[in-house]
Amino acid sequence: MNLALHDVEYRLGRFILTAVGLGLLLTTVMAMNGIYAGMVEDALSIVRAPKVDLWVVQKDTNGPFAESSRVPEDLYRNILTVSGVSEASPVAYQLLQIEHQEKILRLQVIGYRLGGLGGPPAIAAGRPILKNRYEMVVDRKAGVSLGTQFKFGRITLEVVGLTEGVVSNSGDSAAFITLEDAQELQFLKSNEAIRNDRARLQSDLSQNPQLSGVSADNLSSLLQSSHIANVILVRLEPWANAEEVAKNIARWTHYNVLTTQQQEDFLAKNVIERARQQILLFRIILLVVAAVIIALIIYTMTLEKTRDIATLKIIGAPNSKIVGLILQQSLILGFLGFVFGTIIISLTYEYFPRRLVLLVSDQIMVFGIVIGICIAASGIGIHKALSIDATTAMAG
Amino acid sequence: MMQQVSAQNLTKIFGEGDTEVIALKDASLDVEAGEVVALMGPSGSGKTTLLRAISLIDPPTSGKIEIAGETIFEGKKVLIDDRLLRRQRMGIIFQSYNLIPFLTVVENVALVLTLNGVSNRESLKRARALLERLDLGHRADIYPATLSGGEQQRVAVARAVVNDPVVILADEPTAALDSERGKAVMDLLRQLGHEKRAAVIVVTHDERMVKGFDRIYHLNDGILTVEHLNSKEKNGHPAME
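Those protein sequence lines, which keep their order, are chains A and B. Quick note on our numbering: the first sequence kicks off at 7 and runs consecutively. Quick note on our numbering: the second sequence kicks off at 33 and runs consecutively.
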């Protein structure tokens, strides 16, 4: 005869309510896990999306995400000559903020060469970019519809397609445009800036007697170039060894070369490390709170059964039966709380502002921790139950 | 005839030094199989203390106790697992019924059998049969809170006898009942005690309830004396002297 189950059945309403409360607490723990996993996945999605093997960036930098990086656009031609390289393309990354439908919209703009690496992984609606200028494909998460036009600086871009699953490491939706458009946005100066630079150059030229006849107007178009990218993406032949090719490229071109794994490690460890620690702290606090709450609940339930436990002792129930009553109730409470928590997070995770990724491994970990907490928390109730004086059931 | 309960020179002292209280002083008591005896005395005289001592719920300070010929306490030592003793060989009835509220009536009665290793199914079957006999079969599947006081105490009696105990201890079983229901419970106790050949010890302070008992023990200031009742032969048992 399972006393724990009978007690739960008798006080079912209260038990369910308590389990739901515990479930809500565990939902926040699961949400924290999901937020962290989502952050990692977001951070890595932008690295994984182009499906490349190497990232060639400015020397002595770890760009283009952790640090800024500038490389000549045509560097990719040199890289194509390296043995083992199958494809190479220049890509520009830039974060932009714009007002859209009275809301601020932040976009991770990715500029790529049409036909090259770094474009949208798949088109979910509309069509891909076909023209060299003024078209864009945006991630669905931005909530932007086809045909929407955005004005960035001097250019206007029209949304011709929607994609899915690519965000920046801070969770901003990706927007794919051509490299030319990206270069104009990122590297091309405004007219006022150009005029100021030209005036400064003219002043410098006039101070140098050997160059006094040279016009700044003629020189400035040569000096100002927007044919720049933030990174050259490289895809290797199946037989090539990434580390070897990376070394070759770095030796030949004097740029820094990172493998995709190194980019991922860098982002995961450095870019989101503080967030990881913060979330870990929150998780610990929430689990401690859950442990205290479970212990209090079990202790209170034990106190309510003082007379019943005394009676059990008098009619001869061994301690194992009494321990089983308390421990099993604690485990049932924890199990039900976990189930409710899982149901609640499963129904609500899509409505969180940031991506939540629910991993089976995380859920198993939470379940294991909850069971451990229930066993430990029931210790207080068990201690109380075993110390109840049997004579309290007898008057006199 | 075998003594089912034999208590010799039981002494129970609470506290020490200035706060020492002698609740029992060399109390001796013998009850045979099938005998129903009453234990009477004023409040605080030690009646419940004696029951607790015999059942090892609160063992005595010194003395000797035998149950069905086996010594369970001697000197100052408990010689047996007290919980095992009570669930296998004793039935205990409380003043306030003490039914487990989250078990149904039949589960309350069956509980003792399951604690003794009887299967759930068999335990419930035997419990249900006993409840039918006590005219409580129609209440078997409800929770005790919905029963009247008299019904609850009859369920408590069923719980106490279902495991065929050799000793039944009842601590003021009729105190919370009116005289009619109290009498009914006492009659039931006597009947089952005789039937199961158990030694029945009933603590009561109501002299009206002891009609038909074999003997009365009086406890006063920890000292136990016996009053032999001039009772006719009843149910095949010879009259006690």
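Keep in mind that the hints were calculated from the coordinates and are not lab data. Any given hint might turn out to be false.
To be verified - Straight-line Cα separation of at most 27 angstroms, DSS-like style, residue types lysine-lysine; simulated pairs:
| # | chain 1 | residue 1 | chain 2 | residue 2 |
| --- | --- | --- | --- | --- |
| 1 | A | K327 | B | K157 |
| 2 | A | K327 | A | K57 |
| 3 | A | K65 | A | K390 |
| 4 | B | K157 | A | K390 |
| 5 | A | K157 | A | K147 |
| 6 | A | K147 | A | K137 |
| 7 | B | K109 | A | K327 |
| 8 | A | K157 | A | K109 |
| 9 | B | K96 | B | K228 |
Unchecked claim - From chain B, some residues computed to sit far from chain A (all C-beta separations above 10 angstroms):
| # | residue |
| --- | --- |
| 10 | E48 |
| 11 | I54 |
| 12 | G107 |
| 13 | Q120 |
| 14 | Q127 |
| 15 | I132 |
| 16 | P133 |
| 17 | A142 |
| 18 | S155 |
| 19 | D203 |
| 20 | D219 |
| 21 | E239 |
As the list claims (entries may be wrong) - Computed, partial: chain B to chain A, Cβ under 10 angstroms:
| # | residue |
| --- | --- |
| 22 | I45 |
| 23 | I89 |
| 24 | T93 |
| 25 | T136 |
| 26 | L143 |
| 27 | V144 |
| 28 | R191 |
| 29 | A192 |
| 30 | N195 |
| 31 | V198 |
Even glycine gets a Cβ: it sits at the ideal position worked out from N, Cα and C.
Hint-by-hint comparison with the structure:
no., hint, verdict
1, A/K327 to B/K157, "holds (22 angstroms)"
2, A/K327 to A/K57, "violated (60 angstroms)"
3, A/K65 to A/K390, "violated (67 angstroms)"
4, B/K157 to A/K390, "violated (34 angstroms)"
5, A/K157 to A/K147, "holds (20 angstroms)"
6, A/K147 to A/K137, "holds (24 angstroms)"
7, B/K109 to A/K327, "holds (25 angstroms)"
8, A/K157 to A/K109, "holds (15 angstroms)"
9, B/K96 to B/K228, "holds (25 angstroms)"
10, E48, "holds (19 angstroms)"
11, I54, "holds (16 angstroms)"
12, G107, "holds (22 angstroms)"
13, Q120, "violated (7 angstroms)"
14, Q127, "violated (5 angstroms)"
15, I132, "violated (5 angstroms)"
16, P133, "violated (7 angstroms)"
17, A142, "violated (7 angstroms)"
18, S155, "violated (7 angstroms)"
19, D203, "violated (6 angstroms)"
20, D219, "holds (23 angstroms)"
21, E239, "holds (18 angstroms)"
22, I45, "violated (16 angstroms)"
23, I89, "holds (5 angstroms)"
24, T93, "violated (15 angstroms)"
25, T136, "holds (8 angstroms)"
26, L143, "holds (6 angstroms)"
27, V144, "holds (6 angstroms)"
28, R191, "holds (7 angstroms)"
29, A192, "holds (8 angstroms)"
30, N195, "holds (9 angstroms)"
31, V198, "violated (14 angstroms)"
In this structure, the hints that do not hold are numbers 2, 3, 4, 13, 14, 15, 16, 17, 18, 19, 22, 24, 31, in rising order.
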